[in-house]
Amino acid sequence: MPKDTSIEMHEAADRWFFEKFGIYARSSSLICTTDFSQANSYGITYQIMPEPSSPMIYSASLKDFLEHESDLDVLTEESMRAWLESKCFNLVYEASEIPKDFWGEVMVFCKNYRAISRS
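Per our numbering, residue 5 is the first one in the sequence shown, and the count goes up by one each step.
Calculated directly from the structure, the hints in this document are not laboratory data. This list has only true hints and no planted wrong ones.
The list that follows gives simulated cross-link-like pairs (lysine-lysine, DSS-like), each with its CA atoms no further than 30 Å apart:
(1) K24 / K91
(2) K67 / K24
(3) K24 / K104
Simulated restraints, written as ranges between beta carbons of each label pair:
(4) R122 / T80: 30 to 40 Å
(5) T80 / S100: 35 to 45 Å
(6) I120 / E89: 27 to 37 Å
(7) S100 / F25: 14 to 24 Å
The beta carbon of each residue, even a glycine, is placed where N, CA and C say it ideally should be.
Please construct the entire structure, taking both the sequences and the accompanying hints into account.
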C-alpha cells in the first residue's frame, strides 16, 4: 500500500512501469533513495544491498515520485502516463550503473537483499 500516493495514481504508475519494463515497480519493489536525509525523514533507514543483477529503475530527472503532485494540475491516468514518459526512466541491473552524483528514488526489484541499519 502506498504511504503518500493515492491508490489510483499508484496503480496507474504500476501499469505504466509494467508495460515499459515488465515490473510492477511501485508495488513489487523496494522503494529506495540515494539521499540519506530524504530516507531519514521516513523513519528508520537501512542500506540495501540487493542480490546481484537485480533490476533497478530510476530517473535522472526525478528525485521523488511525489513530485507528480506538484507537476500535475489534474491527476488522471492519462496525465500520470504522460508525466512518467517525460521522466525518461532507466532500467539497470547493478548499482554501479547509476551515476555517482544521482540523488533520488530508486525502485529495486529483488527477492533477496541485505539490509544494514543506518539510523
